[in-house]
Amino acid sequence: MTEFDSLMQGMSLIMTPGHIGLMVIGVLLGILVGVLPGLGAPNGVALLLPLTFTMSPVSAIILLSCMYWGALFGGSITSILFNIPGEPSSVATTFDGYPMARQGKAAEALTAAFTSALLGALVGVLLLTFLSSRIAAFAMEFSSPEFFAVYLLAFCTFIGMSKNPPLKTVVSMMIGFAMAAIGMDTVSGDLRLTFDQPWLLSGMSFEVAVIGLFGIGEILCTVEEGLVFRGEHVKITPMVILRTWKKMPRYWLTWLRSTLVGCWMGITPGGPTAASFMSYSLARRFSKNRENFGKGELEGVIAPETADHSAGTSALLPMLTLGIPGSATAAVMLGGLMIWGLHPGPTLFTEQHDFVWGLIASMYLGNVVSLIVVLATVPLFASILRIPFSIIAPIIIMVCAIGAYSVHNSMFDVGMMLVFGALGYLFKKLGYPIAPLVLAAVLGDKAEDAFRQSMLFSNGELGIFWSNPLVGGLTTAALLMLFWPLIARGIKALGNLKGARVQRAAP
Amino acid sequence: MSTSTSALVGTRWVELGLALFTAALGGVVMYGSASSGIGWDDAGPQAGYFPFYIGLLMSAASLTTVLITFLQWRRLSEAFVSREAFNRVLKVFVPIVLFVASMPLIGLYLASAGFIAWFMWRDRQRPQPYGWMTIVAVAGGAALASYLIFALWFKVPLDAGPLGDLAALARRMLK
Amino acid sequence: MRNVYGRRLTHLFAACTLFCASALPALAAWQPDKNVEILVAGGPGGGTDQLGRLIQSIITQHNLLNVSTVVMNKGGGNGAEAFLDMKLTQGDAERLVIGTNNVYLLPLVAKLGYQWSDLTPVAAVAEDDFILWTYQDAPWKDAKSYYEAVKADASNMRMGGSQSKDVDQTLTLLLNQTTGSKLVYIPFKSGSEAAIQLAGKHITSNVNNPSESLSQWKGNQLQPLCVFSRERMAYPEKVTADKSWADIPTCKEQGLGVEQYRFPRTVFMPGGVSDEQRAFYVELMRKVSQTPEFKEYLTRNALVPTFLEGKDLVTYIEKDSARVTPVFTEAGWLRK
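Chains as they are written, first to last, in our numbering: chain A, 1 to 507; chain B, 1 to 175; chain C, 1 to 336.
The hints are simulated quantities; they were obtained by calculation from the structure and are not laboratory data. As the structure is a computational prediction, the values presented were derived from the model and not from experiment. Every residue, glycine too, gets a C-beta built ideally from N, C-alpha and C. Just so you know, not all the hints are guaranteed correct.
Claimed, not checked - Here are the computed distance ranges between Cβ atoms for each label pair: (1) A:F286 / B:M133: 37 to 45 Å; (2) B:A168 / A:K246: 53 to 61 Å; (3) C:Q177 / A:G460: 22 to 30 Å; (4) C:Q290 / B:L98: 46 to 54 Å.
What the hints assert, rightly or not - 20 Å max Cα-Cα, derived EDC-like pairs, lysine to aspartate or glutamate: (5) C:K151 / C:E37; (6) C:K182 / C:D153; (7) C:K201 / A:D196; (8) A:K429 / B:D159; (9) B:K155 / C:E37; (10) C:K218 / A:D354; (11) C:K311 / C:D118; (12) B:K155 / C:E253; (13) A:K163 / A:E351; (14) C:K238 / A:E351; (15) C:K218 / A:E351; (16) C:K34 / B:D42; (17) C:K243 / A:E351; (18) A:K428 / B:D159; (19) C:K111 / A:D196.
Modelling step: build the complete structure from the supplied sequences, incorporating the hints.
Below, the structure written as structure tokens:
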């Protein structure tokens, strides 16, 4: 049976009013979870799990996966409107989405974000539909050195393309790395940097850091400027949507590049957060409007959103075919699969034909349903901006506090949120970039584990990072990206030299 | 007029303070990782290797920032924040601190409701201050909504404080 | 407004004290009257998490409790976060923690500020077997020839497993001791990661639990060499075309020297609870373990059906700790 026939079979399985209803419920719950900081998609899916024990596996996975899509979409809403990322993976969306909202172009930013998200997700699903077995075989080639090279590539792309003052970037990034190092070290099994304090055992969660740095930091900056949220002009009308859609095709190259980055990072477990950062940096590097990035450039919204969603979707591929989750949410769903009596892995596609194809079919439909639902709720969210500051600010702070609390159910995290809030305020005022901190906190310990596992493989030889074409290519690409500014300058200088010679020779 | 817009503190001092803070943080990280072994043995780097250099880099970069601040001492003399603006920030930040501090004592719902109510009551910039009915409705409504969404719907056990004890007692009495 | 708020607060406190005074009548048999929190000493998606959520679903479906249950993951420090959290709420009888043998082994190797005796053991509800796995078309056909190859030259051979200073690495060290070999151990984040690494031929063996490698075995990517158990496993249904769990030879038969190595799935309560309260949860766990859903879970994951409580459980814990202590001492892991 071809993939296409299986897909059609899956479609007919899920095209029932009951399942479509479940999709809408899942998406709505997901948007709610995505909008509330701290209560991310992994928590939401984990909390819904008990409900699914009595359902059939197909219905259950439709509910959970649609909640995932909803959360991915919802995370970008608050990023754009309030500069508070609902999910770590939508941090990169704030860079240009929020400036756009402040210029009164929130509706345009939201439309672009949602649309590119849908397109990114659809490519991820197409991969899953037609290439899953080949990609699974490819993913098996990956071991610790390859993982490290992938993380290195993400870091180097981001640093090489960064325009912030280097010293402050280093400080910010090192704080992120230090946060990631706190707690149990996988390779040695020792506790690190905990200073015998029980509240440091589980490490410092970057969700709390994101809530504080962005949420509380932003509110402090806003009151200092004596401003209120300026969103009075937000009106989403079919006209705005159509106008934005008309603009989008000209960014096809950005979109294509972001999709590739997203799928790549989703399959190799870099994850959606790294994908969105990397894709944003690349878009800035290769855009014609480079100077406008960070000041409200539409392309700066399209790039991270596309990559975020294609990574989020393709993260399900290694989960289904190999049983290793590509993202935190996928890890929770994996637990769900086991409880429903399914063993993810190479045999899932043949043994649980209906389940797998029902899921894949629901991914197509679920993403389209998400787009419709989310566009329909934009006026609602936009109207939040019209609420007076003295009402919305304390409510945002309350939601941030609850969000920080719910990450680990600990009051200590709420206190940490305050510290990060003050730090976020100072960082913004003094020109320290926050993004490197988030990226380092998300990837830092994974990169370190992969590096040290590689050293165990090679008895401490660094040559292992060039031991085969795959890992060698990745490592070399990473170094190229890191020194890209230098290389670019060199090429330019060469070009000038040649040009000058030609000019001299001409007359 | 001159007092309300006067500079509270120069940027250079804040720059200096933050850089010294991160330098100290780097020192703490280095100290903490020293106990896990910072060397490189035959099985690759030890547990404290990376954290140690992370701390070292953090301190070094911060101290360089300190140095640059001194070099540009005059150029960085402009005001970091005006007295008036800083007052505005404090007027928000101090209540947040109080809000967070009161959460473990009186529970999340009461603290949130009180915090929102205080914020609304304080807002005198409006031509028409909020009536107490509006304040109670919004503050209570927000607390109720957070109960419904978080505690009831998503089963995040929020600390309800005395309210929770009350509810448990009421339930026991009903039984 | 401030005054109104303050007054409301005093009223509340007054009301509270009033209620406290009047609500003293003792209940006959103890029962929880608050929501029961089930802490999972592991991250979402892992084996401990699955067991925690399974117990929750069984309790809900069979109405075993008249209050609802909340599952929370506290996986920091290999689960130490959950146990420390239990220690802090001494006497709170509405909390359970699901763990493995990490509850009593972690304090041996890391300075954590708790001992397992700070908590109250409720029950061990199952045991996991360990199996020595290798990839499908490996040059060695059984455990014996694998370890002969390891002894001859281990420089290109690697053992993978989940976490460091944990069960997998302990078993590797035991094997190195009994066979006199020097196999290097590489810790990964989870057992499933170790399974994929083995299927991709990046490592040469691992000691996963049955369920962690089941789908790779079915998919003809991995093959079991031997099981660390006195008798063969008790599941004769075919897993692959021609083999069942019961067909796997024991490692004893293969001459590896480690007779039996298993780890228990444990349930603990905070310390300082009454015997009546403990008995309530022992009964609850017994009921859970007798449901068809739980039995299906055991079969699916090829676990060893075990139910230990009270004195038996304490003896088990003491014996198990005494057995690994010399291994830990020799490896230099034991906390000074």
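Right, here's what the structure says about each hint:
no.: 1; hint: A:F286 / B:M133: 37 to 45 Å; result: violated (57 Å)
no.: 2; hint: B:A168 / A:K246: 53 to 61 Å; result: holds (59 Å)
no.: 3; hint: C:Q177 / A:G460: 22 to 30 Å; result: holds (24 Å)
no.: 4; hint: C:Q290 / B:L98: 46 to 54 Å; result: holds (53 Å)
no.: 5; hint: C:K151 / C:E37; result: violated (49 Å)
no.: 6; hint: C:K182 / C:D153; result: holds (9 Å)
no.: 7; hint: C:K201 / A:D196; result: violated (39 Å)
no.: 8; hint: A:K429 / B:D159; result: violated (35 Å)
no.: 9; hint: B:K155 / C:E37; result: holds (11 Å)
no.: 10; hint: C:K218 / A:D354; result: holds (19 Å)
no.: 11; hint: C:K311 / C:D118; result: holds (16 Å)
no.: 12; hint: B:K155 / C:E253; result: violated (50 Å)
no.: 13; hint: A:K163 / A:E351; result: violated (51 Å)
no.: 14; hint: C:K238 / A:E351; result: holds (15 Å)
no.: 15; hint: C:K218 / A:E351; result: holds (10 Å)
no.: 16; hint: C:K34 / B:D42; result: violated (54 Å)
no.: 17; hint: C:K243 / A:E351; result: holds (18 Å)
no.: 18; hint: A:K428 / B:D159; result: violated (33 Å)
no.: 19; hint: C:K111 / A:D196; result: holds (7 Å)
Checked against the numbered hints above, the structure violates hints 1, 5, 7, 8, 12, 13, 16 and 18; every other hint is satisfied.
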